[in-house]
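Colleague: So the chains spell out like this:
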Amino acid sequence: DAMVIQNPRYQVTQFGKPVTLSCSQTLNHNVMYWYQQKSSQAPKLLFHYYDKDFNNEADTPDNFQSRRPNTSFCFLDIRSPGLGDAAMYLCATSLSAGANVLTFGAGSRLTVL
Amino acid sequence: AQSVTQLDSQVPVFEEAPVELRCNYSSSVSVYLFWYVQYPNQGLQLLLKYLSGSTLVKGINGFEAEFNKSQTSFHLRKPSVHISDTAEYFCASVNTGFQKLVFGTGTRLLVSP
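For the protein sequence lines, the chains are A and B, in the order given.
The numbering of the first sequence is my numbering, which starts it at 1167 and goes up by one.
The numbering of the second sequence is my numbering, which starts it at 2 and goes up by one.
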């Protein structure tokens, strides 16, 4: 089945130790998104790629970076995780923007010790 | 500015009872509206969407929602809930002219026997 796969599902890191989360999709969608979801809160958009065009949200900290080497893969890099970065990170894709439905992966839960 | 309000953070209900989860939106332009469901430690799954046409929208798992432009609402309903409907429900909107999906803060539906 075509889907969005996130790895790892659970990631534990130490304060300040860089971490990379990956997302792959078999849907051939043009747009890929990264959301941060803290406990009992709504998902918050960090950034998205429309093809190779990177779109950063104004309030996304510089500590968060992303790469999209090809259509199928997108990575979230957290350069120096702090305790406040502990959250579920959700990857999503859509064929295009606007009315197109987002397809979400199962998420990567990050714990920072 | 575009926003989505879910007034109820938690809705407890008994199995086989009807339920309504409330959602109000605000926008100066036309919007598309969505309801997503999130089960524990999972990503978000689309329940239903309103793009245009009939104001009563039917989705998966027996859910439906009604778009009410005069009241700027998009409430989610189910006539008879199951234990398995226990989850977090997010209402979301996107302006027809923009790419960004905005989520409400979520409503936790708790179904008990």
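Some hints could be false.
Stated by the list, open to error - Lysine to any residue pairs mimicking SDA-like chemistry, simulated, CA-CA at most 25 Å apart:
hint, chain 1, residue 1, chain 2, residue 2
1, A, Lys1210, B, Gln11
2, A, Lys1210, B, Leu57
3, A, Lys1210, B, Lys50
4, B, Lys50, A, Pro1227
5, A, Lys1204, B, Val12
6, A, Lys1204, B, Asp86
7, A, Lys1204, B, Asp9
8, B, Lys101, A, Pro1227
9, B, Lys101, A, Leu1279
10, B, Lys59, B, Ser27
11, B, Lys101, A, Tyr1216
12, B, Lys101, A, Thr1269
13, B, Lys101, A, Leu1193
14, B, Lys59, A, Lys1204
15, A, Lys1210, B, Val14
16, A, Lys1210, B, Glu17
17, B, Lys101, A, Glu1223
18, B, Lys101, A, Asn1236
19, A, Lys1210, B, Val30
20, A, Lys1204, B, Tyr26
21, B, Lys50, A, Leu1261
22, B, Lys101, A, Lys1183
Said to hold, decoys possible - With the C-beta cut set under 8 Å, the calculated list includes, among others, these residues of chain A facing chain B:
hint, residue
23, Pro1184
24, Ser1205
25, Ala1208
26, Arg1234
27, Phe1241
28, Leu1249
29, Gly1250
30, Ala1252
31, Leu1256
32, Val1267
33, Gly1273
34, Leu1279
Said to hold, decoys possible - Cβ pair distances, simulated, as ranges:
hint, chain 1, residue 1, chain 2, residue 2, range
35, A, Gly1182, B, Glu16, 44 to 52 Å
36, B, Ser31, A, Arg1175, 31 to 39 Å
37, A, Gly1182, B, Ala2, 18 to 26 Å
These are calculated hints, taken from the structure and not from any lab test.
Since the structure is predicted, the reported quantities are computational estimates derived from the model, not experimental observations.
We put the CB at the ideal spot given by N, CA and C, even for glycine.
Colleague: Evaluate each hint against the coordinates.
Modeller: Structure-based check of each hint:
The hinted pair formed by A:Lys1210 and B:Gln11 meets the criterion: a straight-line CA distance of about 20 Å does not exceed 25 Å. Proximity of A:Lys1210 to B:Leu57 is assessed by CA-CA distance (about 28 Å); at most 25 Å being required, the pair is judged violated. With a CA separation close to 20 Å, the supplied pair A:Lys1210 and B:Lys50 stays within the 25 Å bound. Proposed proximity of B:Lys50 and A:Pro1227 is contradicted: the alpha carbons are some 31 Å apart, above 25 Å.
About 20 Å separates the Cα atoms of A:Lys1204 and B:Val12, which keeps this hinted pair within 25 Å; it holds. With a CA separation close to 22 Å, the supplied pair A:Lys1204 and B:Asp86 stays within the 25 Å bound. Restraint check for A:Lys1204 and B:Asp9: satisfied, since their Cα atoms lie roughly 18 Å apart, inside the 25 Å limit. Distance check on the hinted pair: B:Lys101 and A:Pro1227 sit about 18 Å apart at the alpha-carbon level, within 25 Å; holds.
The hinted pair formed by B:Lys101 and A:Leu1279 fails the criterion: a straight-line CA distance of about 32 Å is larger than 25 Å. For the given pair, B:Lys59 sits about 22 Å from B:Ser27 by alpha-carbon distance, which is consistent with the 25 Å threshold. For the given pair, B:Lys101 sits about 12 Å from A:Tyr1216 by alpha-carbon distance, which is consistent with the 25 Å threshold. Taking the CA atoms of B:Lys101 and A:Thr1269, the gap is about 14 Å. The hint holds against a cut of 25 Å.
Among the hinted pairs, B:Lys101 with A:Leu1193 is consistent with the structure: their alpha-carbon atoms are about 20 Å apart, no more than 25 Å. Of the pairs offered as hints, the one joining B:Lys59 and A:Lys1204 is violated, with about 30 Å between alpha carbons and a cut-off of 25 Å exceeded. For the hint linking A:Lys1210 to B:Val14, the alpha-carbon distance of about 28 Å lies beyond 25 Å, and the restraint is violated. Between A:Lys1210 and B:Glu17, the direct Cα distance comes to roughly 33 Å. Violation of the 25 Å bound is thereby established for this hinted pair.
Distance restraint check for B:Lys101 and A:Glu1223: the Cα-Cα separation of roughly 10 Å lies within the 25 Å cut-off, and the hinted pair is therefore satisfied. Restraint check for B:Lys101 and A:Asn1236: the C-alpha separation of about 22 Å stays at or below 25 Å, so the hint holds. The hinted pair formed by A:Lys1210 and B:Val30 meets the criterion: a straight-line CA distance of about 22 Å does not exceed 25 Å. For the hint linking A:Lys1204 to B:Tyr26, the alpha-carbon distance of about 22 Å falls within 25 Å, and the restraint holds.
Straight-line distance between C-alpha atoms of B:Lys50 and A:Leu1261 comes to about 16 Å, which keeps the hinted pair within the 25 Å bound. With a C-alpha separation of about 31 Å, the suggested pair B:Lys101 and A:Lys1183 falls outside the 25 Å cut-off, and the hint is violated. Among the interface hints, the one on A:Pro1184 is violated; its C-beta lies about 24 Å from the nearest C-beta in chain B, farther than the 8 Å criterion. A cut of 8 Å between beta carbons decides the hint on A:Ser1205: the least distance to chain B is about 11 Å, and the hint is violated.
Checking A:Ala1208 against chain B by beta carbon gives a least distance of about 4 Å; that is within 8 Å, so the hint holds. The restraint placing A:Arg1234 at the interface with chain B is violated, with a minimum CB-CB distance near 16 Å, outside the 8 Å limit. Taking 8 Å as the C-beta cut-off, the interface hint given for A:Phe1241 is violated, the closest approach to chain B being about 17 Å. The beta carbon of A:Leu1249 comes no nearer than 21 Å to any beta carbon in chain B, farther than 8 Å, and the hint placing it at the interface is violated.
The interface hint given for A:Gly1250 is broken, as the beta carbon of that residue sits about 19 Å from the closest beta carbon of chain B, more than 8 Å. Because the smallest distance between the Cβ of A:Ala1252 and any Cβ of chain B comes to about 14 Å, over 8 Å, the interface hint for this residue is violated. At about 6 Å, the closest approach between the beta carbon of A:Leu1256 and any beta carbon in chain B falls short of 8 Å, and the interface hint on this residue holds. Among the interface hints, the one on A:Val1267 holds; its C-beta lies about 5 Å from the nearest C-beta in chain B, closer than the 8 Å criterion.
Contact between A:Gly1273 and chain B, as hinted, is supported at the beta carbon level, the nearest pair being about 5 Å apart and thus within 8 Å. Hint on A:Leu1279 is violated. Least Cβ distance to chain B is approximately 19 Å, over the 8 Å limit. A C-beta distance of roughly 47 Å is found between A:Gly1182 and B:Glu16, which places it inside the suggested range of 44 to 52 Å. Between B:Ser31 and A:Arg1175 the beta carbons are some 38 Å apart, a value that agrees with the proposed interval 31 to 39 Å.
For the pair A:Gly1182 and B:Ala2, the beta carbons lie near 35 Å from each other, so the given range of 18 to 26 Å is not met.
The structure shown violates the earlier hints numbered 2, 4, 9, 14, 15, 16, 22, 23, 24, 26, 27, 28, 29, 30, 34 and 37.
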